[in-house]
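So the sequences go chain by chain: A and B. Residue -6 in the numbering used here is what sits at position 4 of the first sequence, and the numbering runs on without skipping anything. Residue 88 in the numbering used here is what sits at position 98 of the second sequence, and the numbering runs on without skipping anything.
To be clear, the hints were calculated from the coordinates, so they are not data collected in a lab. Watch out, some of these pointers could steer you wrong.
Some chain A residues near chain B, calculated using beta-carbon distances under 8 Å [unchecked claim]:
{"hint": "1", "residue": "L16"}
{"hint": "2", "residue": "A17"}
{"hint": "3", "residue": "Q19"}
{"hint": "4", "residue": "L21"}
{"hint": "5", "residue": "P22"}
{"hint": "6", "residue": "T40"}
{"hint": "7", "residue": "V47"}
{"hint": "8", "residue": "E52"}
{"hint": "9", "residue": "A58"}
{"hint": "10", "residue": "L69"}
{"hint": "11", "residue": "S71"}
{"hint": "12", "residue": "A98"}
{"hint": "13", "residue": "D109"}
DEER-style ranges, computed between Cβ atoms [stated by the list, open to error]:
{"hint": "14", "chain 1": "A", "residue 1": "G118", "chain 2": "B", "residue 2": "D117", "range": "52 to 62 Å"}
{"hint": "15", "chain 1": "A", "residue 1": "E29", "chain 2": "B", "residue 2": "R(-1)", "range": "35 to 45 Å"}
{"hint": "16", "chain 1": "B", "residue 1": "D54", "chain 2": "A", "residue 2": "D(-5)", "range": "21 to 31 Å"}
{"hint": "17", "chain 1": "B", "residue 1": "I61", "chain 2": "A", "residue 2": "D64", "range": "27 to 37 Å"}
{"hint": "18", "chain 1": "B", "residue 1": "R121", "chain 2": "A", "residue 2": "I61", "range": "21 to 31 Å"}
{"hint": "19", "chain 1": "B", "residue 1": "D117", "chain 2": "A", "residue 2": "R86", "range": "36 to 46 Å"}
{"hint": "20", "chain 1": "B", "residue 1": "E93", "chain 2": "A", "residue 2": "G118", "range": "19 to 29 Å"}
{"hint": "21", "chain 1": "A", "residue 1": "V60", "chain 2": "B", "residue 2": "E88", "range": "21 to 31 Å"}
{"hint": "22", "chain 1": "B", "residue 1": "E29", "chain 2": "A", "residue 2": "P56", "range": "27 to 37 Å"}
Cβ coordinates follow ideal geometry from the N, Cα and C atoms, glycine included.
2 protein chains.
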Amino acid sequence: LRAGDIAARFPTVGLDARAEDAARLLAGQHLPGVIVVDEDGAPRTVLAGTDVLRWAVPAWCEDDPPLARVIDEDAADLLLSQLAGRTVRDCLPGHRRELPTVEPDATALEVAALMLRADSPLVAVVDGDGRACGVVTLDALLHRVLAS
Amino acid sequence: LRAGDIAARFPTVGLDARAEDAARLLAGQHLPGVIVVDEDGAPRTVLAGTDVLRWAVPAWCEDDPPLARVIDEDAADLLLSQLAGRTVRDCLPGHRRELPTVEPDATALEVAALMLRADSPLVAVVDGDGRACGVVTLDALLHRVLAS
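Throw the hints in and build the complete structure from the sequences for me.
See the structure below:
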């Protein structure tokens, strides 16, 4: 069982993509995050859903979540208005989140070890030129390993 | 849009459940983790996939992932043999991972604020007796909010 057998296609974004577009990619994708690629298509880091929320949720709401209950405003409008004008680069945390990469012939055990070392539920699969060509998620890895 | 409208059913485990069973629950579920409940069904924390890997992946493999490439052993057998005899309690990290809870009538904005405060992509929905009755994931929240 090799990384290339388990890898799924996944959405990527560039550093200068709009934060709003990244939020839409994360929505309903069942992924822990979106892979951020550089201008050559090489994976750089992961934009997590919580990174987007950090900008999308107004500060007054984070400070006092129950207050959000009484706000008579459309949640989508409010969240998207906070993201307006921001890029993926703006949303990334100061400390770069490690994204391990493997080539398609890496074994399932090697992928598991890399997830553990990086404390990352995502490993990017790269082709011979270093471009992102898929992702192995922890749940897909367990699924394939335990079903085999 | 309320937490109860977005919540999905989800697998839970008790503290004394077998680690192997928790790994099977995580496999292919597209969830960031499994909710761990106490004997009354109240959510206590989250068992993440990486918590399970920490025990399932042999130390020699974590220390030198490329070495895993040359091992001529079935990955499932190896990982499951490492989990044998361990419980969910054994796999939980020393520092308890925060799992926010809300009642079903919490608003989407309130749920988003709680995810952000706890840095958690999961919020457990509890009924009036404090028992876990569903989960809101960050991707489901974004999906429902942005589609509304």
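Of the hints stated earlier, which fail here? 11, 17 and 20
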